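Novice: Residues per chain, in single letters:
Protein chains: 2
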Amino acid sequence: MDSFEEASIDIKMEIFEAIEDNYGGVIVNMKKEEPMDFLKFHSMLKASISHWRLKGKKGVWIKLPIELAHLVNAAVKEGFWYHHAEATYLMLVYWIPHEIPHTFPANASHRIGIGAFVLNQDGQVLVVKEKSGKITGTWKLPTGVVDEGEDICMAAVREVKEETGIETEFVELLAFRQSHKSFFGKSDLFFICMLKPLNFTINKQDAEIEEAKAKLGFSVRVRAKGEDKSQGKRVKAAQVAHPREPSRLVVVTTAHGEVHGGEAVAPQSFPKLAASS
Amino acid sequence: MDSFEEASIDIKMEIFEAIEDNYGGVIVNMKKEEPMDFLKFHSMLKASISHWRLKGKKGVWIKLPIELAHLVNAAVKEGFWYHHAEATYLMLVYWIPHEIPHTFPANASHRIGIGAFVLNQDGQVLVVKEKSGKITGTWKLPTGVVDEGEDICMAAVREVKEETGIETEFVELLAFRQSHKSFFGKSDLFFICMLKPLNFTINKQDAEIEEAKAKLGFSVRVRAKGEDKSQGKRVKAAQVAHPREPSRLVVVTTAHGEVHGGEAVAPQSFPKLAASS
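These protein sequence lines are chains A and B, in that order.
Note that the first sequence covers residues 1 to 277 in our numbering.
Note that the second sequence covers residues 1 to 277 in our numbering.
None of these hints come from the bench; they were simulated from the model.
Note that the coordinates shown come from a computational prediction; the quantities given were computed from them, not determined experimentally.
Each hint should be verified, as a subset may be incorrect.
If chains are identical, the list can't say which one is meant, so a pair holds when it fits in one copy or spans any two.
Said to hold, decoys possible - Here are the simulated lysine to aspartate or glutamate pairs, DMTMM-like style, with alpha carbons at most 20 Å apart:
| hint | residue 1 | residue 2 |
| --- | --- | --- |
| 1 | K204 | E17 |
| 2 | K131 | D21 |
| 3 | K204 | E167 |
| 4 | K77 | D37 |
| 5 | K57 | E208 |
| 6 | K204 | E169 |
| 7 | K55 | E169 |
| 8 | K131 | E211 |
| 9 | K63 | D147 |
| 10 | K63 | E86 |
| 11 | K140 | E208 |
| 12 | K77 | E33 |
| 13 | K63 | D21 |
| 14 | K63 | E211 |
| 15 | K57 | E78 |
Please construct the entire structure, taking both the sequences and the accompanying hints into account.
Specialist: This is how it looks when you write it as structure tokens:
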């Protein structure tokens, strides 16, 4: 028995350094400063998986910086699959206990969009025409995508400033909508934010915006008046503006949540919103 | 002149078939059924980029199924970087006009979580204790992550059913919160949904749930009473339950949006919510 144990020391394999997570898994952060050839990576990976299996580990995460792209295929050959990628790295995963299904957490599933509802003292709404994309030649609310780590309300203020030069202050959230299969199979949450303008001189951005103006009685289309169960009755205007679906481009709600409008609201019937006071 | 043009025909290179997008870019969908070796892929990629550059194209997208993982490095060598990945494929991008910054749309940036507020006719709240994760041994609302393509309200109903066996019906959205740097640098939107129970016999799920019960006067902690500017005043309880931050685990709002509670609400002062009627 003793001689067997001593012999086993001689064939010790090199294994990866790993951090343990809270769910019985391990995380390997490969360093771009420590490049490795394909064969060494592949054999260390095999040895490491055996080691982790003996230790009863479940999920294995390997983070490969893009500089180590030559190692991706070695991990895939060992049964790893992709979990997610960002510009600078690829995250691969492997599930050791084949008898039970994996419990890896889902990747980010939604992109968050904003539409800005900016109303001046005359009850005019700030609208733009975009140069490219699916909707061109149509007046629409300034819209955009929330940046990584950005608050929804700040994204609305930023987009209005970028597209039109107007400085604004966040007032409140008017409505939001969830839609699916919007890009690469992912979903969208689109939030309409009411903003108060702090200056009134439009200075449109040339790269993306064809035209920008404050329009009185901006023609609105409302798909459904009243409540939408999927988003809860607190948020009454659930079918809201969406840059990719012109047919339900804009819903207007008052600051109290009631939906106003129809297929095309005439200027004189355009609701005076509370935020303009 | 003519002889030059004729000569150029003889050295025509093979280029990739590509779909044009709405933004002056091209998309190449590599097929796993048509495997290709590294060198052929690499030379076709070089020739294709030259071709697209001459055509004035901007962004190039290449979707590589995981079966073609051996080609990842060839694209990276040509200057491609990762846009996103799902379990079965990696999407790489390249920007041709180096003199202007790229305008590739952002990848999905948020994961959407739900917390279920299920109240029975006696005003008891359904709570669970989880077996693993950051919060164990603490009573909490059933929580979970919205699946790809799933509506927020349906995710809440599904999680309650999975964890406790209780069938519910979505009533309304009580509150939501946005948090950042929550996983892999991504953000979280967490929605508290009010649900109406349709049966009252708890049948907890053994894999994840330690204990489940309906508790009267579930002790609540409220971080901020009143409005939170970042989420808008319509949604009054912006500091809401979050599975990873026990210190602000639960906010309780009435069906009318007012925040009730404090550091620990005693059972007798626990608000009777409108949905229980």
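Novice: Now tell me, hint by hint, if it's right for this structure.
Specialist: Cross-check of the supplied hints:
Taking the closest pair of Cα atoms, K204 and E17 never come within 20 Å of each other, the shortest separation being 53 Å inside a single copy and 37 Å across copies. Taking the shortest alpha-carbon separations for K131 and D21, only the inter-copy value of 15 Å comes in at or below 20 Å, while the best intra-copy value is 47 Å. In this assembly of identical chains, the alpha carbons of K204 and E167 lie at most 20 Å apart only when taken from the same copy (12 Å versus 52 Å across copies). In this homomeric assembly, K77 and D37 come within 20 Å of each other (Cα to Cα) both inside a single copy, at 15 Å, and across copies, at 16 Å.
Within a single copy, K57 and E208 get their C-alpha atoms only as close as 50 Å, which misses the 20 Å cut-off; across copies the closest is 17 Å, which meets it. With identical chains, the CA atoms of K204 and E169 are at most 20 Å apart within one copy only, with a shortest distance of 18 Å there and 47 Å across copies. For a Cα distance limit of 20 Å, the shortest separation of K55 from E169 qualifies neither inside one copy, at 55 Å, nor across copies, at 43 Å. In this homomeric assembly, K131 and E211 come within 20 Å of each other (Cα to Cα) only inside a single copy, at 9 Å, whereas the closest approach across copies is 56 Å.
For a Cα distance limit of 20 Å, the shortest separation of K63 from D147 qualifies neither inside one copy, at 23 Å, nor across copies, at 23 Å. Proximity of K63 and E86 under a CA criterion of 20 Å is satisfied in both settings, with 11 Å inside one chain copy and 14 Å between copies. For the homomeric pair K140 and E208, the shortest alpha-carbon distance inside one copy (13 Å) is at most 20 Å, but the shortest distance between copies (47 Å) is not. Proximity of K77 and E33 under a CA criterion of 20 Å is satisfied inter-copy only: 17 Å between copies versus 24 Å inside one chain copy.
In this assembly of identical chains, K63 and D21 lie within 20 Å of each other by CA distance solely inside one copy; the values are 14 Å within and 31 Å between copies. Neither within a single protomer nor between protomers do K63 and E211 lie at most 20 Å apart by alpha-carbon distance, with minima of 44 Å and 35 Å respectively. Taking the shortest Cα distances, K57 and E78 sit within 20 Å of each other inside one copy (16 Å), while across copies they are farther apart (38 Å).
Violated hints, listed in ascending order, are 1, 7, 9 and 14; each of the other numbered hints is respected by the structure.
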